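Asks: Could you slot chain B onto chain A? The hints should help.
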Amino acid sequence: MASAATGAAKPGLLLLRRTDATFIAALRARFRVHDFYASGAALPDYLTAAAAEPDPPRTALVVAGGAILVDAAFLDAVPSVGCVVTTGAGVDHVDLAQCARRGAGEIFSVDVADHAVGLLIGVLRRVAAADRYVRAGLWPAQGDYPLTTKLSGKRVGIIGLGSIGSQIAKRLQAFGCAISYHSREPKAFAPYRYLPDAHALAADSDALIVACALNDATRRIVGRCVLDALGPNGVLVNIARGVNVDEQELVAALQEGRIAGAGLDVFQNEPHVPPELRDMDNVVLTAHEAVFTEESRANLQELMIGNLEAFFSGKPLLTPVLPP
Amino acid sequence: MESLGVLLLYPVNAYLEQELDRRCRLYRFWESPREEFLRAHAGAVRAVVGNANYGADAALIDALPALEIVASFSVGIDRVDLAKCRERGIRVTNTPDVLTDDVADLAVGLAIAVLRRIPQADRYVRAGLWKSRGDYTLTTRFSGKRVGIIGLGRIGQAVARRVEAFDCPVNYHQRTEQKSVYPNYTYYPTVVELASNSDVLVVACPLNASTRHIVSREVMETLGPKGVLINVGRGPHVDEPEMVAALADGRLGGAGLDVFEDEPNVPEALLGMDNVVLVPHVGSGTYETRKAMADLVLGNLEAHVLSKPLLTPVV
Numbered sequence: 001m002a003s004a005a006t007g008a009a010k011p012g013l014l015l016l017r018r019t020d021a022t023f024i025a026a027l028r029a030r031f032r033v034h035d036f037y038a039s040g041a042a043l044p045d046y047l048t049a050a051a052a053e054p055d056p057p058r059t060a061l062v063v064a065g066g067a068i069l070v071d072a073a074f075l076d077a078v079p080s081v082g083c084v085v086t087t088g089a090g091v092d093h094v095d096l097a098q099c100a101r102r103g104a105g106e107i108f109s110v111d112v113a114d115h116a117v118g119l120l121i122g123v124l125r126r127v128a129a130a131d132r133y134v135r136a137g138l139w140p141a142q143g144d145y146p147l148t149t150k151l152s153g154k155r156v157g158i159i160g161l162g163s164i165g166s167q168i169a170k171r172l173q174a175f176g177c178a179i180s181y182h183s184r185e186p187k188a189f190a191p192y193r194y195l196p197d198a199h200a201l202a203a204d205s206d207a208l209i210v211a212c213a214l215n216d217a218t219r220r221i222v223g224r225c226v227l228d229a230l231g232p233n234g235v236l237v238n239i240a241r242g243v244n245v246d247e248q249e250l251v252a253a254l255q256e257g258r259i260a261g262a263g264l265d266v267f268q269n270e271p272h273v274p275p276e277l278r279d280m281d282n283v284v285l286t287a288h289e290a291v292f293t294e295e296s297r298a299n300l301q302e303l304m305i306g307n308l309e310a311f312f313s314g315k316p317l318l319t320p321v322l323p324p
Numbered sequence: 001m002e003s004l005g006v007l008l009l010y011p012v013n014a015y016l017e018q019e020l021d022r023r024c025r026l027y028r029f030w031e032s033p034r035e036e037f038l039r040a041h042a043g044a045v046r047a048v049v050g051n052a053n054y055g056a057d058a059a060l061i062d063a064l065p066a067l068e069i070v071a072s073f074s075v076g077i078d079r080v081d082l083a084k085c086r087e088r089g090i091r092v093t094n095t096p097d098v099l100t101d102d103v104a105d106l107a108v109g110l111a112i113a114v115l116r117r118i119p120q121a122d123r124y125v126r127a128g129l130w131k132s133r134g135d136y137t138l139t140t141r142f143s144g145k146r147v148g149i150i151g152l153g154r155i156g157q158a159v160a161r162r163v164e165a166f167d168c169p170v171n172y173h174q175r176t177e178q179k180s181v182y183p184n185y186t187y188y189p190t191v192v193e194l195a196s197n198s199d200v201l202v203v204a205c206p207l208n209a210s211t212r213h214i215v216s217r218e219v220m221e222t223l224g225p226k227g228v229l230i231n232v233g234r235g236p237h238v239d240e241p242e243m244v245a246a247l248a249d250g251r252l253g254g255a256g257l258d259v260f261e262d263e264p265n266v267p268e269a270l271l272g273m274d275n276v277v278l279v280p281h282v283g284s285g286t287y288e289t290r291k292a293m294a295d296l297v298l299g300n301l302e303a304h305v306l307s308k309p310l311l312t313p314v315v
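Respectively, the protein sequence lines represent chains A and B.
Take 1 as the starting number for the first sequence in the UniProt record's numbering and just add one per residue.
Take 1 as the starting number for the second sequence in the UniProt record's numbering and just add one per residue.
Quick caveat, the hints were computed from the structure, so don't treat them as lab data.
Since we're looking at a predicted model, the values are computed, not measured.
Among these hints, one or two may not hold up.
[Stated by the list, open to error] Cross-link-like lysine-lysine pairs, in silico, DSSO-like; alpha carbons within 30 Å at most:
hint	chain 1	residue 1	chain 2	residue 2
1	B	Lys291	B	Lys308
2	B	Lys179	B	Lys226
3	A	Lys10	A	Lys315
4	A	Lys170	B	Lys226
5	A	Lys187	A	Lys170
6	A	Lys170	B	Lys84
7	A	Lys170	B	Lys291
8	B	Lys308	B	Lys84
Pulled out of the complex, with its shape left as it was, chain A reads as follows (with noise of 0.2 Å):
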């Protein structure tokens, strides 16, 4: 697009996310907007055409879910690239080596922690499967609800007391739960006890949180032996990446009642969910949406323009990954 008669052009900018008007409006008045959803093109084609402008964009917003990969193709076809701002805390989907050799660089916890405390009651105590007998009418013709078990006092074990680790921890703690936790290392001034793997973890557990990035180190870190750890009475919480955790044998577990239950808001193979949670009363599922409150996407919204702002003008990233 030939850049504005008046004035300095605006700086290029690939846009790889769906998102509203409202936004891009904000976005078309500060930079020149490649839109990739809206421009219909092929991946590859659609970088070509934006590298090979007069003024090659040099930021990209892009959008967590692995729809698409900000890896080495990506970099090489647009090497103008250098700062990618991303939303989800995980950045599994970009490629940070990739990113961290060609030169190009805590908030949202606060909704994941909420949303994780809210599927470990829900799974404790069983809110989704009443609100369903309720509205069946079940109550006047079943009778009462069968009891089910208290949160106050469990021992709550977490992966990964990163941002939204300890906020959970910090909610539960309130509940009277007993924290503990698993991570690449203990941390200095965590006051809960650390375990050196997730498997110890899990067996002194009676609800099991996952609250880890994802990385090679902790893909499918809650597999069968974790799960037989964490025993018949425990239940499973992740607000994580599906891929954290081993789904064939989380069904299987499930199934066979070689664990109690799980709260999962994150899947394998999004957005598809293994057929045979779907009748099951001691699972809650969400949509992976444990970040998207209004309040967080008007604070992403101003995060991701402050962000690009920040690079234009040199100034230092307000929320980098790799050191700017």
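Replies: Relative to chain A, chain B alone:
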């Protein structure tokens, strides 16, 4: 206490029933027509065990001349005619403390469920709509919301402690302010003012003559189109028809309800609403708590029989 004739008003709990049967002389009120039962056994009943929905009202108390103690399997004793019991010198016990955590856990769980639409999202996923329609809608953050608590008793305080961990400012209303005890919580002298300054309103007070319909139409309208009502008290705390209307036309944003005016009947209109979470009076409904409640009922009966101080007397 084998000679203690105990009338169990309803099969409230299998373990309790089993223990009463084993240790006392148990009569099950639901097994025969009322009049027939009373003719045959009224004189033998020295203790009544009921729960939140089945209590010893004036008529029943009058029909039991040998009644000495009413031990309720609940903390709320609005279904027990306390005045009549005092008049007759009948002791009354309830089950406080042991269920505080469960009720508070549920209150917070309901608030998160309503704001974050967890049961609704769960329905969405189970119906296959994530695949066919895409992402679920944005919901509303819970952390930081202003939580207003009606009644800062055991349960109210437990709710307050929990929501503080979510950085929720805590407001409250009750008969008296207790500034020195709760310096971090803001007192409001009326429920309307409490509602005006809160995003989530939690009912946690006992039900009595002055708290019936304490959540009125005006309170709900003041709470407003983004406000959320959480009731873990008693159905009659809330003007139910007004609540249903306010939820239906958006004057009240949402509600998480564990109790209803005419349990187990829930207003039909609520069953189809997307901005409510409905659970069937499960506030204390965990294995752990019900066993503790049962042990407390048994402990009170035993203390009574042994002429020892009752564990948790109300009268």
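Asks: With reference to the structure, classify each hint as holding or not holding.
Replies: Results of checking the hints against the structure:
As the CA atoms of Lys291/B and Lys308/B are separated by approximately 22 Å, the hinted pair is consistent with the 30 Å bound. Restraint check for Lys179/B and Lys226/B: the C-alpha separation of about 29 Å stays at or below 30 Å, so the hint holds. Taken as a hint, the Lys10/A and Lys315/A pair is honoured in the structure, with Cα atoms around 17 Å apart against an allowance of 30 Å. A distance of roughly 27 Å separates the Cα atoms of Lys170/A and Lys226/B; the hinted pair therefore holds under the 30 Å criterion.
Note on Lys187/A and Lys170/A: the hinted pairing holds, with a Cα-Cα distance of about 15 Å set against a maximum of 30 Å. Proposed proximity of Lys170/A and Lys84/B is contradicted: the alpha carbons are some 47 Å apart, above 30 Å. Taking the CA atoms of Lys170/A and Lys291/B, the gap is about 29 Å. The hint holds against a cut of 30 Å. Note on Lys308/B and Lys84/B: the hinted pairing holds, with a Cα-Cα distance of about 23 Å set against a maximum of 30 Å.
Hint 6 alone, counting from the list given before, is not met by this structure.
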